[in-house]
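A.B. asks: In the order they appear, the protein sequences are chains A and B. Take the first sequence: its letters are residues 1 to 419, numbered as in the numbering used here. Take the second sequence: its letters are residues 420 to 698, numbered as in the numbering used here.
Don't read these hints as lab results, they were simulated from the structure. Check the hints yourself; a few may be wrong.
Claimed, not checked - In silico lysine-lysine, BS3-like type, Cα no more than 27 Å apart, as pairs:
{"no.": "1", "chain 1": "B", "residue 1": "K680", "chain 2": "A", "residue 2": "K367"}
{"no.": "2", "chain 1": "B", "residue 1": "K670", "chain 2": "A", "residue 2": "K215"}
{"no.": "3", "chain 1": "B", "residue 1": "K662", "chain 2": "A", "residue 2": "K131"}
{"no.": "4", "chain 1": "B", "residue 1": "K616", "chain 2": "A", "residue 2": "K31"}
{"no.": "5", "chain 1": "B", "residue 1": "K472", "chain 2": "A", "residue 2": "K366"}
{"no.": "6", "chain 1": "B", "residue 1": "K692", "chain 2": "A", "residue 2": "K367"}
{"no.": "7", "chain 1": "A", "residue 1": "K265", "chain 2": "A", "residue 2": "K130"}
{"no.": "8", "chain 1": "B", "residue 1": "K670", "chain 2": "A", "residue 2": "K7"}
{"no.": "9", "chain 1": "A", "residue 1": "K194", "chain 2": "A", "residue 2": "K265"}
{"no.": "10", "chain 1": "B", "residue 1": "K670", "chain 2": "A", "residue 2": "K349"}
{"no.": "11", "chain 1": "B", "residue 1": "K564", "chain 2": "B", "residue 2": "K677"}
{"no.": "12", "chain 1": "A", "residue 1": "K34", "chain 2": "B", "residue 2": "K616"}
{"no.": "13", "chain 1": "A", "residue 1": "K251", "chain 2": "A", "residue 2": "K194"}
{"no.": "14", "chain 1": "A", "residue 1": "K349", "chain 2": "B", "residue 2": "K567"}
{"no.": "15", "chain 1": "B", "residue 1": "K692", "chain 2": "A", "residue 2": "K7"}
{"no.": "16", "chain 1": "B", "residue 1": "K567", "chain 2": "A", "residue 2": "K346"}
{"no.": "17", "chain 1": "A", "residue 1": "K208", "chain 2": "A", "residue 2": "K194"}
{"no.": "18", "chain 1": "A", "residue 1": "K367", "chain 2": "B", "residue 2": "K564"}
{"no.": "19", "chain 1": "B", "residue 1": "K616", "chain 2": "A", "residue 2": "K130"}
{"no.": "20", "chain 1": "B", "residue 1": "K567", "chain 2": "A", "residue 2": "K130"}
{"no.": "21", "chain 1": "A", "residue 1": "K215", "chain 2": "A", "residue 2": "K251"}
{"no.": "22", "chain 1": "A", "residue 1": "K184", "chain 2": "A", "residue 2": "K212"}
{"no.": "23", "chain 1": "A", "residue 1": "K215", "chain 2": "B", "residue 2": "K609"}
{"no.": "24", "chain 1": "A", "residue 1": "K212", "chain 2": "B", "residue 2": "K606"}
{"no.": "25", "chain 1": "B", "residue 1": "K670", "chain 2": "B", "residue 2": "K688"}
{"no.": "26", "chain 1": "B", "residue 1": "K662", "chain 2": "A", "residue 2": "K7"}
{"no.": "27", "chain 1": "B", "residue 1": "K692", "chain 2": "B", "residue 2": "K616"}
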Amino acid sequence: MNFERLKEKLEILADAAKYDVSCSSSGGTRKNKKGALGDSSVSGICHTYTEDGRCVSLLKILLTNHCIYDCAYCVSRSSNDIKRAAFTVEEVTDLTINFYRRNYIEGLFLSSGIFKNADTTMERLVRVAKKLRLEENFNGYIHLKSIPGASDELMQEAALYADRLSINLEIPTESGLKLLAPEKNRQDMLNPMKYIQNGIAQYKDEKKIFRKVPKFAPAGQSTQMIVGATNENDLQIIKVADHFYKNFNLKRVYYSGYVPVLEDKRLPSLTTEVPILRENRLYQSDWLMRFYGFKAEEILDPNMPFLDLEVDPKLSWALRHLHQFPVNLQTADYQMILRIPGIGVKTAKKIVSARRFQVLNMDHLKKLGAAVNRAKYFIDFNAGNAYLKYLTDKNFRKLLVGGSSSKFHNQFSQQLSLF
Amino acid sequence: MYTLKLNIRSIQLKTLKLQNPITHKLNMTTLLYDGSFDGLFTAVFEVFEYRYKEVEIVNKERFHQENIFAEIHEVITRNDKAERVLNKLEQHIGQSGIHELLKVYLSEHPESEHLILSAVKQSIKHPDENILQNYADSDILKISKICKSVSRERHRMTAFVRFEKMQDGVFFAKIDPDFDVLPLIRKHFKDRYQDQKWMIYDLRRNYGILYDLESCDFFYPEEKLDLHQYQQKFHDDENNYQKLWQRYFTKTNIVERKNLKLHVQHVPKRYWKYLTEKR
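When you get a sec, could you build the whole thing from the sequences and use the hints?
C.D. replies: Listed below in structure tokens is the structure:
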């Protein structure tokens, strides 16, 4: 094998794939067969982290960065003058297997620029997955990109070999998509997604009746939206995410702060900073919807369609609903304990089980892992709580913001520094 | 069933001399055990058998006599005694509870024996409750914290082990974990790599796991493995794949989003020397 050439290809095609945020390897249930290679860990494993702090779980590459489309936001767009390369099916499987054997990765995340047409591209992606499963006996994680417009037959085959499938919506609104990617249309993206969703539902039904049913995209589907490339507001983004969680049963929606890579008058200028803080707030909202029992409408109200950059969305909700506080730790239900700022899912669970043994006080709370600097204002202890008087103080918000410093404070200040 | 026969060739802990207030009381009995998991639970059994009140359990290898008034009782490991304790305990706190106590044991924490004894005592006192959930008790909270640390280290080892293919085709990995987590990761790697020979070797504790396509067992070399001229024994392809991986690692990074603080938080520096991509 020509390693120098392979290295060059890997550099080009990893570089082109890096804007895809998803690297999750969780939800795979594939068990190793006797004497074969690979076993999916349900919780997923991050084998390393890049210097930007992102998890590296999968070998994330494009099959090729040749593309017939000219989407404004994409580095691989056809009008962009960059080095192009393409892997052969053998090269991808060889890299995957050899990286996996050394415990570098959990599996493969394969995407591709669209060459010729949707079906030709999809067929090639499927061929890689098929070779890994059938010829290499590989039971690690495989994430394939669904190509917009791919036929049902190919999607069916893809779901048999892949653990997860995803299509990136990229632009949250249809009007934005029309502006930046005029050759793409939303319906082409929705069809394969719908097909997989139905397939998964059907699998679950059949599984109830038959003992052995071939796996069908066991780790489900996900999608990704670029944040800050067009002028949509946070409420729109959250609503779109909510819609897809509900109607397409997505496992994850990813948010990717737009990294300005191309000069184009339809896009923010090259000097714009990556909206990392906004992206973080969107993820926090996403978590509130998925793990904290918040509804999309509760996170933002229509008059204030952008997330507060100064405080996190849960604290922001609490500040808008002060009448629901203080909460009594001894008697409140789990759902309400979850809504106390500074208390996360794990701490909430610990509180609910520890309070059966004894009456909890502030000291316990700290030891159980709550962020007491925020939580202390919102909780009513049986023994009383001197901090409660601030709840009605009109400078309460200022007090809260002053009492904690954001981890983004220096690193990603919204203000441009001069030097 | 619970016979985890592990020779703890223990590290010399500097924090051994824990100033535990009870240590300095009179009428104190010190139970010395051989360092094994079964030995520890034999000792726990004997605490109840002989109705010791003021008692501490100490690993023989870490024992320094501090209290000249203490009576010393040497425990002879008996699997039947250990199993009686563990079986009883399982009824109260379940298998997951036992697993937590195992993690405390593997943590090599200077208080681990004390904490395990405390948990067993509490469990006997409240047989109907899973006392490991009483997080307001300081011993139980310590147990839960230790378990968290050990689990995190275990998880990190499943992620950070880097195999290197040797000339004889064996995939070899060196580790140096903070806690003795090898017994906790054996199954993970055994399930995953069934068609290649592999070996994971704990440099600090001088033992390892070897899978030879048939069985997957612990091995305890007499002397430290000779890692002299280690890289010369690499398989021909090894350096190439390492280079490919390093290039991939660099290229998949988004420079505009550089955040070294987060990077180091996720990949603490003490692991770097074993990570191919960080060398």
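A.B. asks: Next step is simple, just say for each hint if it's right about the structure.
C.D. replies: Against the structure, the hints:
| no. | hint | verdict |
| --- | --- | --- |
| 1 | K680/B x K367/A | 25 Å, holds |
| 2 | K670/B x K215/A | 33 Å, violated |
| 3 | K662/B x K131/A | 25 Å, holds |
| 4 | K616/B x K31/A | 19 Å, holds |
| 5 | K472/B x K366/A | 32 Å, violated |
| 6 | K692/B x K367/A | 34 Å, violated |
| 7 | K265/A x K130/A | 42 Å, violated |
| 8 | K670/B x K7/A | 11 Å, holds |
| 9 | K194/A x K265/A | 34 Å, violated |
| 10 | K670/B x K349/A | 40 Å, violated |
| 11 | K564/B x K677/B | 32 Å, violated |
| 12 | K34/A x K616/B | 14 Å, holds |
| 13 | K251/A x K194/A | 14 Å, holds |
| 14 | K349/A x K567/B | 15 Å, holds |
| 15 | K692/B x K7/A | 24 Å, holds |
| 16 | K567/B x K346/A | 12 Å, holds |
| 17 | K208/A x K194/A | 22 Å, holds |
| 18 | K367/A x K564/B | 10 Å, holds |
| 19 | K616/B x K130/A | 25 Å, holds |
| 20 | K567/B x K130/A | 39 Å, violated |
| 21 | K215/A x K251/A | 17 Å, holds |
| 22 | K184/A x K212/A | 39 Å, violated |
| 23 | K215/A x K609/B | 23 Å, holds |
| 24 | K212/A x K606/B | 25 Å, holds |
| 25 | K670/B x K688/B | 21 Å, holds |
| 26 | K662/B x K7/A | 8 Å, holds |
| 27 | K692/B x K616/B | 23 Å, holds |
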